[in-house]
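J.: Can you build the whole structure from these sequences, using the hints too?
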Amino acid sequence: MPPIVQPVFRALKPLAFISAGLMAAACTPSVQSPLQPQGVEKSAKTRVLEAGATMLQTDSPLEPMNIYLDGFHAAKDNPAHQMEAHHFCRQVNEDFAQCALFDGNTREANLIGIEYIISEKLFESLPGKEKKYWHPHNFEILSGELIAPAIPAAAEHELMSGKMNSYGKTWHVWNSDPYGRKGDQMPLGEPMLEWSFNRDGEELPGLLEQRDQRMGISTEEKRRSRQDLAPLAKPQNGVDALKGKFPRPPTPIPGVVDKKAAGPR
Numbered sequence: 378m379p380p381i382v383q384p385v386f387r388a389l390k391p392l393a394f395i396s397a398g399l400m401a402a403a404c405t406p407s408v409q410s411p412l413q414p415q416g417v418e419k420s421a422k423t424r425v426l427e428a429g430a431t432m433l434q435t436d437s438p439l440e441p442m443n444i445y446l447d448g449f450h451a452a453k454d455n456p457a458h459q460m461e462a463h464h465f466c467r468q469v470n471e472d473f474a475q476c477a478l479f480d481g482n483t484r485e486a487n488l489i490g491i492e493y494i495i496s497e498k499l500f501e502s503l504p505g506k507e508k509k510y511w512h513p514h515n516f517e518i519l520s521g522e523l524i525a526p527a528i529p530a531a532a533e534h535e536l537m538s539g540k541m542n543s544y545g546k547t548w549h550v551w552n553s554d555p556y557g558r559k560g561d562q563m564p565l566g567e568p569m570l571e572w573s574f575n576r577d578g579e580e581l582p583g584l585l586e587q588r589d590q591r592m593g594i595s596t597e598e599k600r601r602s603r604q605d606l607a608p609l610a611k612p613q614n615g616v617d618a619l620k621g622k623f624p625r626p627p628t629p630i631p632g633v634v635d636k637k638a639a640g641p642r
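Heads up: the sequence shown begins at 378 in the working numbering, then just goes up one per residue.
It is worth saying that the hints were derived from the structure and are not from the lab.
Given the structure is predicted, the values throughout are model-derived calculations rather than measurements.
Just so it is clear, CB atoms sit at the ideal spot from N, CA and C, and this is done for glycine as well.
A couple of the hints might just be wrong.
Mimicking PhoX-like on lysine-lysine, the simulated pairs with C-alpha atoms at most 20 Å apart in a straight line are [what the hints assert, rightly or not]:
{"#": "1", "residue 1": "Lys637", "residue 2": "Lys611"}
{"#": "2", "residue 1": "Lys509", "residue 2": "Lys498"}
{"#": "3", "residue 1": "Lys508", "residue 2": "Lys498"}
{"#": "4", "residue 1": "Lys559", "residue 2": "Lys546"}
{"#": "5", "residue 1": "Lys611", "residue 2": "Lys498"}
{"#": "6", "residue 1": "Lys540", "residue 2": "Lys620"}
{"#": "7", "residue 1": "Lys453", "residue 2": "Lys637"}
{"#": "8", "residue 1": "Lys508", "residue 2": "Lys636"}
Each pair of labels, with its calculated beta carbon distance range [as the list claims (entries may be wrong)]:
{"#": "9", "residue 1": "Asn443", "residue 2": "Gly640", "range": "38 to 44 Å"}
{"#": "10", "residue 1": "Ser420", "residue 2": "Asn455", "range": "35 to 41 Å"}
{"#": "11", "residue 1": "Pro631", "residue 2": "Arg591", "range": "25 to 31 Å"}
{"#": "12", "residue 1": "Ala428", "residue 2": "Lys637", "range": "17 to 23 Å"}
{"#": "13", "residue 1": "Gly505", "residue 2": "Thr483", "range": "36 to 42 Å"}
{"#": "14", "residue 1": "Ala428", "residue 2": "Asn455", "range": "40 to 46 Å"}
{"#": "15", "residue 1": "Gly505", "residue 2": "Lys622", "range": "18 to 24 Å"}
{"#": "16", "residue 1": "Gly557", "residue 2": "Ser595", "range": "31 to 37 Å"}
{"#": "17", "residue 1": "Gly539", "residue 2": "Ala639", "range": "21 to 27 Å"}
{"#": "18", "residue 1": "Asp605", "residue 2": "Pro504", "range": "31 to 37 Å"}
{"#": "19", "residue 1": "Gln604", "residue 2": "Pro568", "range": "32 to 38 Å"}
{"#": "20", "residue 1": "Ser602", "residue 2": "Ser420", "range": "48 to 54 Å"}
T.: This is how it looks when you write it as structure tokens:
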């Protein structure tokens, strides 16, 4: 390959992986919403209006939300309250992504929240009082718990590499499917600030296994395949934010360190 072409090829290679992944997304296992909201069936009039809107309205802000991620959240004020969240995201630029969160991945899924994802660079630019709302992502990636269903392994690996040292700000507005508990049929109460797991054992027993079985994947295999990303990990804010607040004693993993515990660099 001519020398001048090599850098261009390297730059385009991740895009090829992602494009292949999007084509494979049609093979994603369906995850149905656990409940239907209260209310009567759509009327014929409503269905006609929907059909007209589909044909005539374009440039929907939802159309670019074509990156599908699946992961878990714990309520920051009550870490035993845990949920799986299906993220449909738009990568706005290299440093910023925005996601709509659902309790499933079909057309019938309920919208349960939002998440903004920012790079380490943008996080460090935030005022100190704002940083308490943003959870770290390195454990989610290195543990294998955050996945991009159905895309080729190389594309998923490239995607996760790009999210190392990033942070998320997540609000759940509908408690539709808390693990091990009955969900609400309507979005009730105040929004809940969500947090990430940062050690093994912080998740409730069975939460990972249920997801893996449904999705036909192995979190452990994904963890092993991502160990080459560990050298990229930097100490992050918020790793110890919920330390000691989970029901079970947790176990740290290599590469996931709280910035305060790491000390000055």
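J.: Now tell me if each hint is right for this structure.
T.: Results of checking the hints against the structure:
1. Lys637 with Lys611: Cα-Cα ~12 Å, so holds.
2. Lys509 with Lys498: Distance ~16 Å between Lys509 and Lys498 Cα, so the pair holds.
3. Lys508 with Lys498: Given pair Lys508, Lys498 holds - Cα atoms ~13 Å apart, limit 20 Å.
4. Lys559 with Lys546: 25 Å, violated
5. Lys611 with Lys498: Measuring from Cα to Cα gives roughly 12 Å; hence the hint holds.
6. Lys540 with Lys620: Not OK: Lys540 and Lys620 at ~23 Å, beyond 20 Å, violated.
7. Lys453 with Lys637: 19 Å, holds
8. Lys508 with Lys636: This hinted pair holds, its Cα atoms lying about 13 Å apart.
9. Asn443 with Gly640: 38 to 44 Å: 41 Å, holds
10. Ser420 with Asn455: 35 to 41 Å: Cβ of Ser420 to Cβ of Asn455: about 39 Å, so the range 35 to 41 Å holds.
11. Pro631 with Arg591: 25 to 31 Å: 28 Å, holds
12. Ala428 with Lys637: 17 to 23 Å: Violated: the Cβ-Cβ distance is about 55 Å, outside 17 to 23 Å.
13. Gly505 with Thr483: 36 to 42 Å: 41 Å, holds
14. Ala428 with Asn455: 40 to 46 Å: Hint holds: Cβ distance 42 Å, inside 40 to 46 Å.
15. Gly505 with Lys622: 18 to 24 Å: 22 Å, holds
16. Gly557 with Ser595: 31 to 37 Å: 22 Å, violated
17. Gly539 with Ala639: 21 to 27 Å: 23 Å, holds
18. Asp605 with Pro504: 31 to 37 Å: 35 Å Cβ-Cβ, so the 31 to 37 Å window holds.
19. Gln604 with Pro568: 32 to 38 Å: For Gln604 and Pro568 the Cβ distance comes to about 36 Å; the hint holds.
20. Ser602 with Ser420: 48 to 54 Å: Between Ser602 and Ser420, where Cβ atoms are some 49 Å apart, the hint holds.
Checked against the numbered hints listed earlier, the structure breaks hints 4, 6, 12, 16; every other hint is satisfied.
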